[in-house]
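K.L.:
Residue numbers (the working numbering): 1 to 234.
Hint data in this document are derived by calculation from the structure and do not stem from the laboratory. In this text the structure is predicted, and so the values were computed from the model without any measurement. There's no promise every hint is true.
Straight line, CA to CA, 30 Å or less: simulated DSS-like cross-link-like pairs of lysine-lysine [said to hold, decoys possible]: (1) Lys-148 with Lys-138; (2) Lys-83 with Lys-62; (3) Lys-166 with Lys-197; (4) Lys-83 with Lys-93; (5) Lys-95 with Lys-138; (6) Lys-2 with Lys-93; (7) Lys-33 with Lys-148; (8) Lys-33 with Lys-2; (9) Lys-33 with Lys-93; (10) Lys-67 with Lys-83; (11) Lys-197 with Lys-148; (12) Lys-166 with Lys-105; (13) Lys-95 with Lys-33; (14) Lys-138 with Lys-33; (15) Lys-138 with Lys-93; (16) Lys-83 with Lys-95.
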Amino acid sequence: MKVPVLNMQGQQVGDLTIDEAALGGEVNPALLKQAYVRYHANLRQGSARTRNRGNVEGSTRKLYRQKGTGNARVGPARVPNRKGGGRAFAKTKVKAEYRLEMPVKMRRKANRNALLAKLVDNEVRVIDSLAFGSPRTKEVRDLLAACKVDRSCLMALPADSGNAVKGARNLPDVRTVDVTGLNVFELLSHRYLVIGKAELEAWLTGPSAGTTKAAKNVRKGEKAGDAKTAREAA
Numbered sequence: 001m002k003v004p005v006l007n008m009q010g011q012q013v014g015d016l017t018i019d020e021a022a023l024g025g026e027v028n029p030a031l032l033k034q035a036y037v038r039y040h041a042n043l044r045q046g047s048a049r050t051r052n053r054g055n056v057e058g059s060t061r062k063l064y065r066q067k068g069t070g071n072a073r074v075g076p077a078r079v080p081n082r083k084g085g086g087r088a089f090a091k092t093k094v095k096a097e098y099r100l101e102m103p104v105k106m107r108r109k110a111n112r113n114a115l116l117a118k119l120v121d122n123e124v125r126v127i128d129s130l131a132f133g134s135p136r137t138k139e140v141r142d143l144l145a146a147c148k149v150d151r152s153c154l155m156a157l158p159a160d161s162g163n164a165v166k167g168a169r170n171l172p173d174v175r176t177v178d179v180t181g182l183n184v185f186e187l188l189s190h191r192y193l194v195i196g197k198a199e200l201e202a203w204l205t206g207p208s209a210g211t212t213k214a215a216k217n218v219r220k221g222e223k224a225g226d227a228k229t230a231r232e233a234a
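Please take these sequences and the hints and turn them into a complete structure.
P.N.:
Below you can see the structure in the form of structure tokens.
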């Protein structure tokens, strides 16, 4: 698959060839959904709770005397049947666990398959160099307009992209992430992906490439091919 490489003005300056087989060959909806649901579930803190009548703010004094006022009998203001009162059956659980597990190789396959889904739908904009001279929102907005990005967008940036991060933070539909943290949840939660050519190539050949059995012994920061060569040499 050939992906056009654009410059900052939105003009095509080359092509980048990506092996579809390395991204799973075809889009696997079941795998993508499983990985997406897992990531979303793991974002939950599990600390939701509600207040009973002993936790809400207010006095415990009886509002007025029991008899002689002509009104119905009433207790304190914090009872559940009054506005602002506590909840009758409040959640008192301290911690709920929603975490889901998924093998590392499956997660990596899902990440790469999500990128394939974006490429198939022509929703990836590869830029020859994502370098901004100043932290200005106008520069980021002009880049997205030149690349015909008209919906929500995910910008995958290298670690030293302070200007791009500051320039994009005022745009409501634009989210920036470190390219090493690119995952299926972020990819599928946004319509477009904007990424630099060098960053995309590094991501494709980095730890995310370890989706086979040989990836089990790959150390962090090491390429799968390098580890295989080292083992064969030994």
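K.L.:
Each hint: holds or not?
P.N.:
Each hint, compared with the structure:
1. Restraint check: the Cα-Cα separation between Lys-148 and Lys-138 comes to about 15 Å, which is no more than 30 Å; the hinted pair holds.
2. Pair hint Lys-83 plus Lys-62 holds up; C-alpha atoms about 15 Å apart against a cutoff of 30 Å.
3. About 21 Å separates the Cα atoms of Lys-166 and Lys-197, which keeps this hinted pair within 30 Å; it holds.
4. Restraint check for Lys-83 and Lys-93: satisfied, since their Cα atoms lie roughly 24 Å apart, inside the 30 Å limit.
5. Restraint check for Lys-95 and Lys-138: the C-alpha separation of about 44 Å exceeds 30 Å, so the hint is violated.
6. The straight-line distance between the Cα atoms of Lys-2 and Lys-93 is roughly 53 Å, outside the 30 Å bound, and the hint therefore fails.
7. Simply put, Lys-33 and Lys-148 have alpha-carbon atoms about 28 Å apart, close enough for the 30 Å limit, and the pair holds.
8. This hinted pair checks out: Lys-33 and Lys-2 have alpha carbons roughly 26 Å apart, not beyond 30 Å.
9. Between the alpha carbons of Lys-33 and Lys-93 the distance comes to roughly 29 Å, so the proposed pair stays at or under 30 Å and holds.
10. Pair hint Lys-67 plus Lys-83 holds up; C-alpha atoms about 23 Å apart against a cutoff of 30 Å.
11. The hinted pair formed by Lys-197 and Lys-148 meets the criterion: a straight-line CA distance of about 18 Å does not exceed 30 Å.
12. Among the hinted pairs, Lys-166 with Lys-105 is inconsistent with the structure: their alpha-carbon atoms are about 34 Å apart, more than 30 Å.
13. Pair hint Lys-95 plus Lys-33 holds up; C-alpha atoms about 26 Å apart against a cutoff of 30 Å.
14. Of the pairs offered as hints, the one joining Lys-138 and Lys-33 is violated, with about 36 Å between alpha carbons and a cut-off of 30 Å exceeded.
15. Restraint check for Lys-138 and Lys-93: not satisfied, since their Cα atoms lie roughly 48 Å apart, outside the 30 Å limit.
16. In summary, the hint linking Lys-83 to Lys-95 is supported, as the alpha carbons are separated by about 28 Å, within the 30 Å threshold.
Of the hints listed earlier, those the structure fails to meet are numbers 5, 6, 12, 14 and 15, in rising order.
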